[in-house]
Amino acid sequence: MKTLRDLFRDYRFCFSFGVLVIILTLAFLSFFSPYDPTLWNAVPRDMKPSVEHWLGTDSNGQDIFWVATFAVRNSLIISLIAALISRVIAILVGMVAGYKGGSTDRVLMFISDSLLVIPLFLIMVMLAMMVREYMNLVVLGVMLAVFGWAWDARTIRSIILSLREREFTQTAVLSGTGTVKLVWNEYMPFATPFVFSTLINNMSWAIGLEITLAFLGLVDLNIPTLGTMLNWAITYQAILLGRWWWVLTPVILALLLFIALYWLSVSISEYLDPRTRIQRVGA
Amino acid sequence: MNMPILRTEKLKAHYVLDMRGTQKVVKAVDEVNLEIYENEVYGIAGESGCGKTTLLKALFAAIEPPLRLIDGKVYYRTNGGETDVTSLSAGEKRELRWEYISYVPQGSMSVLNPVLKLKESYQDFLASHASNRTQEEAREIAKKHIVDLGLPRNILEAYPHQLSGGMRQRVTIALATILRPRIIICDEPTTALDVVVQRGVVQLLKVIQKNLENTIVLVTHDMGVQANIADRVGIMYAGKIVEESTTEKIYGKPFHPYTQYLINSLPKFGDKSVRESAPGSPPSLSNLPSGCSFHPRCPHVMNICTEQTPELIRLESNHRVACWLTGDGENDKDS
Amino acid sequence: MNFVKQYLIPRLIQYVLVIWLGITVVFLIPRITPNDPVMSMIGMMRARGSTLEPGAMDGIIRDLTEMYGLEGSWLDQYWAFWGRLFRGDFGVSFFQFPTSVNQLIATALPWTLGLLLTTLLISWISGNIIGGLAGYYSRKGWSRTLDVFAMVIRPLPYYIFAFTLLLLFAWVVRWFPITGGASMGAIPTFTWAYIKDVLWHAALPALSLTILGWAVNFQIMKLIVQNVNAESFVQYAKMGGVTEDRIVGKYVIRNAMLPQITGLALSLGQIFSGALITEIVFGYPGLGMLLYNSIVRADYNMIMGITLLSIVGISTAILIVDLTYPLFDPRVRYT
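Protein chains in written order, with the working numbering: chain A, 1 to 283; chain B, 1001 to 1335; chain C, 2001 to 2335.
Honestly, the hints are just simulated from the structure, not real lab data.
Check each hint, because a few of them may be wrong.
[Unchecked claim] Pairwise CB distance ranges, derived in the manner of DEER restraints:
| no. | chain 1 | residue 1 | chain 2 | residue 2 | range |
| --- | --- | --- | --- | --- | --- |
| 1 | B | Gly1165 | A | Asn185 | 32 to 38 Å |
| 2 | C | Ile2013 | A | Asp36 | 54 to 60 Å |
| 3 | C | Pro2010 | A | Leu272 | 55 to 61 Å |
| 4 | A | Trp40 | C | Val2016 | 48 to 54 Å |
| 5 | A | Trp40 | C | Ile2032 | 33 to 39 Å |
| 6 | B | Ile1141 | C | Ile2013 | 45 to 51 Å |
| 7 | A | Phe168 | C | Leu2008 | 36 to 42 Å |
Don't be surprised by glycine CBs; every beta carbon is placed ideally from N, CA and C.
All chains should be built: construct the whole structure from the sequences, respecting the hints.
This is the structure we're talking about:
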């Protein structure tokens, strides 16, 4: 398609596409893992990378490569849940606030702004401590979702605000279109591209937070994610003991993932923005 | 009155855009030959998107990418000689600006820095010209100019957002004329203003022109304003001048079919007949029709119109037209 | 005055309300989560191997309930909660019994403030200035290179970036210490030796925060400046021959700063969290480490104290930043 071809001109899109293909392949491979990630001592411990164990093994006696596939898969799942749910909330809040205006708008924006201002990290620490036992992928995802919608709700709201003033709105209203139908059919096409790029950003944010919470020990450490892998590595003093393959795997995977997601969202949103799409030819 | 103060020769300025690999060329100014004289108001009229603003930018020698000067020259008459401004350096151009030629842009409403008081903006513009003035002197010059033009005395203490749109327009015009330039280029100075304020702006321009006895090149699609202030009018269509004459002739006996449409669409006192405007819409400047660009909409279209582009020829003294209806080769071509 | 009414008062009301909302949320969390905090506390104590006699259990439950503030109905608790807050009584640390939470925070706070304020200042100012220049000269090579650099750094969360730096500089290349605020056993004095020691230990966390903050500011400012550059008043000033340094300073950057100030206010919460996380990675003895230790030892009172203090502190900081905005934007000062 022409769109894809145009996107591939951007080196950032190429890089992120490549990285994401690798990451998704890893995640997919997890379904074929010869080892159960929850079992310890499946293989000899602390072995360097070799032909048998491509990324070596860790102090729990697990093959790092296969644990990594699960870690990637789970981190992606958590972030997808978080990002999708928070998109839904953001769209609902943004649309209602933008279209209704008045006091509904003010209350919703107040809540949204407060979420931006309050140090969410600390609140999440408190929450995580309280629900520690119930923590699994879905719970963590939902928790992140509840805190992740605020910024984008504001963006969507301003899109709606500007659309509301346009002529086609008045036409639709005058011709009797119901509010919900109006907002959904007419406005969504404008908002969808932004929602998509914020989805990607939100996923990145969610993974970042997941890793941070995991490293603080606030999640279920038995579920392999990028964060829990790192936590285990640190707990077992992998740095001091020079077991670089254990530490570097989650770190490098995480680094690649963050950069890829960010570059993906930037290249897509720059492509969608007509101002940046037309490049200028210098004299 | 015999040598033009501003002259263009075969001026061609196009926008070259790179849209993700494919190039698109917008022929905004496509071979324009103009001669504008001292102490006159020259109006340029035409629909939106015909290239008027680009022509002004070229006249002001403000051609920047993606706008490119493809061909032609622009001459100013300074101190007895002609200067080819298209070949000047940025520094030399800067010297001419504001003292010799200045610009009142479209949307004058928002051309002032919102975080600076007007007096600071004025100082910034003045500072780069004749910098042997002290700040005190500059301030006095600014104040005197403001009062001369009938604006409130201490308006320079205000911030732009505190003024109404019309007032900001007038302040911008004052700013453009503060160094008494020989040529003032105005781009749609009355658009987006209500009628009462429009009159104020037009009056202001008239006063300035009379006092300074200089040249004003005025672009607007509002034919009423043209009639009010212009001495001569050039009609622009699809990047070319298609007719040029005195205001009386243009309004009284327009020759080119497009001009006829323009004039006929104006409401006349007492005439209740239906106003007719040109059918169809103006062509895209990146995809012009062959031959005469107006031929798809022209009621008198002939075969030759679809094949060859008519040149701007002199029909009578002070009246030039670019149309095959003038007859082929019967009159002297303009040099 | 209009300004006070339209800007100041709503802002102050918002300040109070946000703090109220935050504190209420902190109040609600332990009370609406499925776990009974007292019981889970006891569970944790047991897991650590302390044995309890049956009789002592009741006493401990009572004490814990009192410390958690869980006696009485929810409304009673809410009142008591606010009462304690206003008295500045955050209770005692569970772990470092009976040291008060206030005391522990007071010891850690200067470290955090020192780190946070310096890095924030440096990264914000340098990010804005360099980003602004890069946005203005966006075609130059150095601008593009810096952009790529920032592109790589910006998406990284504080934790990962800090950790990567740790790996690089304290492990791969051993230039800096791995943990601590000062060398073991060093006594805080105002000698140059001690200060040097502190700076050496603070170097990595400071570097981490500064670079990350810089990358974000750089990219955002570059984008803003690129937009401001296209604004009419900048174009007009260029046309009018205003000197370039004035354009960059007074026209571009002064206007581009405005959204950055608002942006700073909105991101203070994130920056603060980031600082805490960075401290944890480097074992820097600020609020971050205090938080970490509290998490590990389930010192709930400590965590609550830090959170409440942070909410009030950050909201106040945001209020201050918001109140400086009118100083820069006359449109808000004079409505």
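*Hint numbers the structure violates, sorted upward?*
Of the numbered hints given earlier, the structure breaks just one, which is hint 3.
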